[in-house]
Amino acid sequence: MKKSLVLTSVAAAALLFTACGGDNNEGNTNVDNNAEANNAADDGAEENDEAGAEEDNDGGEEAGTPSEDQTLIFARGGDSVSLDYASVTDGESSRVTEQIYESLLSFEEDSFEIQPGLAEDWEVHDDGTRYTFQLREGVTFHDGTDFNADAVKLNFERWADPDHEFHFADEGYAYSVYGTQFGGFEGDDGHVIDEINVLDDYEIEFVLNQPLGSFIQNMGMSYFSITSPAAFEEYGAEINENPVGTGPFQFVSWSRDDSIVLEKYEDYWQEDLPKLDQVIFQVIPDNSARLTALRSGEIDIMDGLNPDDLEQLDGEEGVQTFERATNNIGYLGFNEDKEPFDDPELRRALNHAIDKENLISLLYADKAEPAKNLIPPDYLGYNDEIEAYEYDPELAQQMLEDAGYEDLEFDLWTMPVARPYMPDPQRAAEVMQANLDEIGVTANIVSMEWATYLEQTEAGEHDLFMLGWSGVNGDPDYFFGNLLHSDAIPGGNRNFYRNDEVDALLDEAKVTIDEDERAELYMEAQEIIHEEAPMIPLVHSIPVLAGSERVSGYVPHPSTSEPLTNVELMD
Amino acid sequence: MLIPVLIGMSLITFSIIHLIPGNPAQTILGEQATPAAIEQLEEQLGLNEPYFVQYTEYMAGLLQGDLGNSLRTNAAISAEIWPFLAATIELTFFAMVFAVIVGVNAGIISAWKQNSMFDYTAMLIALIGVSMPIFWLGLMQQWIFAQELGWLPAFGRSNPRDPVETVTHFYLIDTLLSGRPDQFVTSLKHLVLPGIALGTIPMAIIARMTRSSMLEVLRSDYIRTVQAKGINHLSIVYRHGFKNAVIPVLTVVGLQTGTLLGGAILTETIFSWPGIGRYVFEAIGTRDYPVIQSGILVIATMFVFINLIVDLLYSYIDPRIKY
Chain U
1 MKKSLVLTSV
11 AAAALLFTAC
21 GGDNNEGNTN
31 VDNNAEANNA
41 ADDGAEENDE
51 AGAEEDNDGG
61 EEAGTPSEDQ
71 TLIFARGGDS
81 VSLDYASVTD
91 GESSRVTEQI
101 YESLLSFEED
111 SFEIQPGLAE
121 DWEVHDDGTR
131 YTFQLREGVT
141 FHDGTDFNAD
151 AVKLNFERWA
161 DPDHEFHFAD
171 EGYAYSVYGT
181 QFGGFEGDDG
191 HVIDEINVLD
201 DYEIEFVLNQ
211 PLGSFIQNMG
221 MSYFSITSPA
231 AFEEYGAEIN
241 ENPVGTGPFQ
251 FVSWSRDDSI
261 VLEKYEDYWQ
271 EDLPKLDQVI
281 FQVIPDNSAR
291 LTALRSGEID
301 IMDGLNPDDL
311 EQLDGEEGVQ
321 TFERATNNIG
331 YLGFNEDKEP
341 FDDPELRRAL
351 NHAIDKENLI
361 SLLYADKAEP
371 AKNLIPPDYL
381 GYNDEIEAYE
391 YDPELAQQML
401 EDAGYEDLEF
411 DLWTMPVARP
421 YMPDPQRAAE
431 VMQANLDEIG
441 VTANIVSMEW
451 ATYLEQTEAG
461 EHDLFMLGWS
471 GVNGDPDYFF
481 GNLLHSDAIP
491 GGNRNFYRND
501 EVDALLDEAK
511 VTIDEDERAE
521 LYMEAQEIIH
531 EEAPMIPLVH
541 SIPVLAGSER
551 VSGYVPHPST
561 SEPLTNVELM
571 D
Chain X
1001 MLIPVLIGMS
1011 LITFSIIHLI
1021 PGNPAQTILG
1031 EQATPAAIEQ
1041 LEEQLGLNEP
1051 YFVQYTEYMA
1061 GLLQGDLGNS
1071 LRTNAAISAE
1081 IWPFLAATIE
1091 LTFFAMVFAV
1101 IVGVNAGIIS
1111 AWKQNSMFDY
1121 TAMLIALIGV
1131 SMPIFWLGLM
1141 QQWIFAQELG
1151 WLPAFGRSNP
1161 RDPVETVTHF
1171 YLIDTLLSGR
1181 PDQFVTSLKH
1191 LVLPGIALGT
1201 IPMAIIARMT
1211 RSSMLEVLRS
1221 DYIRTVQAKG
1231 INHLSIVYRH
1241 GFKNAVIPVL
1251 TVVGLQTGTL
1261 LGGAILTETI
1271 FSWPGIGRYV
1281 FEAIGTRDYP
1291 VIQSGILVIA
1301 TMFVFINLIV
1311 DLLYSYIDPR
1321 IKY
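Those protein sequence lines, which keep their order, are chains U and X.
Under my numbering, the first residue of the first sequence is numbered 1, with each subsequent residue one higher.
Under my numbering, the first residue of the second sequence is numbered 1001, with each subsequent residue one higher.
To be clear, the hints were calculated from the coordinates, so they are not data collected in a lab.
Please note that the accuracy of each hint is not assured.
Rough simulated footprint, nothing fancy, chain X against chain U, three-plus residues with beta-carbon under 8 Å [said to hold, decoys possible]: (1) 122–133; (2) 164–172; (3) 257–264; (4) 294–300; (5) 388–396; (6) 449–463.
Under 10 Å between C-beta atoms, here's a sample of chain U residues computed to sit facing chain X [stated by the list, open to error]: (7) G64; (8) P66; (9) T71; (10) I73; (11) D79; (12) S82; (13) T180; (14) V192; (15) I196; (16) N197; (17) S253; (18) A289; (19) R290; (20) Y405; (21) L408; (22) G491.
By construction, the Cβ of each residue, glycine as well, lies at the ideal position given by its N, Cα and C atoms.
Sequences and hints are given; from them, build the entire structure.
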């Protein structure tokens, strides 16, 4: 039995290996043989077998053999801020904590489809105001203590209650994602979690004061993973440098701005996993230097490939590329509090002026989709009926003339840093400046340092500005609520877009549990938003990573962080 | 001298970093943070206090040897800064050894064989060296020696698969302490590319300075007297000549060392060297005020300290100089 399992995994790995090596353009985002999410009560071990068997169906012909040395080096541009996942929002932190910690639920390996995690089953009662979770038995934290309902309760109370002994407010800890996702903290009006009750050692109940449409999705987020209660006792506020979870890898060491070393957790609850013995997250700040290190074989996977380098890698021996499913939006926003951007006709006209396809081929090496809505296409409630504003400079010019605008001139605020949704903001600004020039509009490129940029756009100092947003839990509310709801002024709504109807639709969708009903509400909101055009949606980009061909089983997750449980190095 | 310089430094850095716009709480929480969360964090970090109060608190801590705590990591800076400092000192030391050995010898020989082929070539290389952008040199080195030839590693201080057991955080010392000569060699290999990249500009400056200083000395009367006594030419140059030409060279070496200690940010970025330049640079990005302040203070202190050593060396080398 055991032998055949090994064989199947080897075969599956070989398949992956050839799939990726063979066609770099495709990457391997579509290796989702077992995409059917299993929401129901599936035992974890059983599920693994199933996944293995399914992969076997695709049967590989030739096989690489697992390498002796199972140490994987993952190189990235910046260091983690903290290993206390709930108190930070940067992707470089969650990339690491995703290996060490687990949440009650988890996501499908390449989508936001919910799967069992530390909870093997869950139920929704009383119209979405009461949830019960059956926890997995026999799971231990890396310090040897048992995972149980008390641990879950303690973690949630720690984030919610500012006076909790492990909240560490005095040490500067803040759990902003908890606040955003659950409507605030204990004592706040909008805070939805009323009570958490331990029913028995392995059953826990959450009582909400109102339904929350994204509650189940939230439970899969890496921000709401479970830390060992004993570790809080032991390390106190230094938990951020001494993470203790239940995940496939346990923490070994961290030298700041250099590397974080993790090793296999031998008592991990999923049998025979993880496959790697050691994972090292190495900081290599310069993109070109990182690629050099990959080519010289010093590292195994690298994040942040320049779109320009992608073409070079095409067909290069020893290297493969991975695509991350798109989960973001890059946009050009209008400051509606300023004239003339308060005029929807002008905003619609400018929507016709930008050539998104050109932008994508010039700056994204075609690794992006043109956007017509705020949310990425895979999201619940994505309105595909909406007809995008076509690129049509003549029409745009005509519309401007009809609306009485002549010699329009304004500032085009340009981000000073690259983001996945905007790999080269300066050049993007130049391309769009040329687009606008074509219709007789003068856009002056303005740029400033990043922290300043964020502060000033929030304060409404800008005209037209460039920015973007990345999803974290696959829930549409995270985009709409933060970017276009009037409650997000000042804040994420830098368009200063205020529409009561949209607000009402978003509020209702937020508390609706039924997925179809929710989708309807979002679709309706998108129609209004499209008509009013508070922004020019530009692209949903597809971030690309590169790796050595020895890497098998690596599937990037749209959230930017994925557990490396199934990854293996081959010879 | 040291104390007024440092107080002045701290005042200037404090004012500048608070004058530039941008909010540490915002950068810590990221662009997707809510205003309420930002406000809450500001309060926790004491950033809502008046600047004067913040400065006095910081200075009061400093007097007790407390460099403050990082806003980003919560850790005490005095503990956090050492590994970065050690990394930079090790790199600077290696770069300067390279720069001095190559630069001084090239300068002396150029002066000795003035207007020869060697002189022209050496000075041309020096000119290129002075004007070479470090990032370009670094990337070229990586491409040739790491990617194409595979002789030397492209990043870091040691092999991440075989981490060095740290005691002093000087890897060349730590590897020997833990009895791992193989790791010593690895660490040395990691030093070569960044060390040469960093040392190239000082090397070129030192070569040019040595040459002009030597030329002056070689033309002086006493050298002619020595030559008249029939003493071998090269030994004149090294023993009698260089001894008198060394003062300006030493000044340049001191200044350059100080500059490298604080200004190696480009090299540290390209070669992923976790040094003090990157430590402070990252802090500027996140507006980690205490780290910027204390980091600059430490760099300034070292700069002053190295120049102090140089001053003391003057009087050792040339007994006529007295303080």
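A quick look at each hint next to the structure:
As drawn, the region 122–133 of chain U meets chain X at 0 residues by the rule of a beta-carbon pair under 8 Å; below three, the given contact is violated. Counting residues of the region 164–172 of chain U whose C-beta sits closer than 8 Å to any C-beta of chain X gives 4, which meets the bar of three, so the coverage hint holds. Under a criterion of three residues with beta carbons nearer than 8 Å to beta carbons of chain X, the stated coverage of the region 257–264 of chain U is upheld, 4 such residues being counted. Only when three residues or more bring their CB closer than 8 Å to a CB of chain X does the claim for the region 294–300 of chain U stand; here the count is 4, and the claim holds.
Counting residues of the region 388–396 of chain U whose CB falls under 8 Å from any CB of chain X gives 0; the rule of at least 3 is not met. Proximity of the region 449–463 of chain U to chain X, defined as three or more residues with a beta carbon under 8 Å from a beta carbon of that chain, is established by the 8 residues found. Against a cut-off of 10 Å between C-beta atoms, the interface hint on G64/U is violated, since the closest Cβ of chain X lies about 20 Å away. Interface restraint check for P66/U: the shortest CB-CB distance to chain X comes to about 17 Å, outside 10 Å, so the restraint is violated.
Satisfaction of the interface hint for T71/U is found here, the shortest Cβ-Cβ separation to chain X being roughly 5 Å, below the 10 Å cut-off. Interface hint status for I73/U: upheld, as the beta-carbon distance to the closest one in chain X is roughly 6 Å, under 10 Å. Interface hint status for D79/U: upheld, as the beta-carbon distance to the closest one in chain X is roughly 8 Å, under 10 Å. At its closest, the beta carbon of S82/U sits 7 Å from a beta carbon of chain X; the interface hint therefore holds under the 10 Å criterion.
Hint status for T180/U: holds, given a least beta-carbon distance of 6 Å to chain X, under 10 Å. Interface hint at V192/U: violated, since its Cβ lies 16 Å from the closest Cβ of chain X, which is beyond the 10 Å cut-off. Because the beta carbon of I196/U sits about 22 Å from the nearest beta carbon in chain X, more than 10 Å, this interface hint is broken. The closest approach between the C-beta of N197/U and any C-beta of chain X is roughly 28 Å, which is over the 10 Å cut-off, so the hint fails.
Interface restraint check for S253/U: the shortest CB-CB distance to chain X comes to about 7 Å, inside 10 Å, so the restraint holds. Annotation: interface hint on A289/U holds; nearest CB of chain X at approximately 5 Å, less than 10 Å. Nearest Cβ of chain X to the Cβ of R290/U: about 8 Å, under the 10 Å cut. The hint holds. Using the Cβ-Cβ criterion of 10 Å, the hint placing Y405/U at the interface with chain X is not satisfied: the shortest such distance is roughly 31 Å.
A hinted interface residue such as L408/U counts as satisfied when its beta carbon comes closer than 10 Å to some beta carbon of chain X; here the least separation is about 28 Å, so the hint is violated. Proximity of G491/U to chain X holds as hinted, the smallest CB-CB distance being about 5 Å (cut-off 10 Å).
Checked against the numbered hints above, the structure breaks hints 1, 5, 7, 8, 14, 15, 16, 20 and 21 and satisfies the rest.
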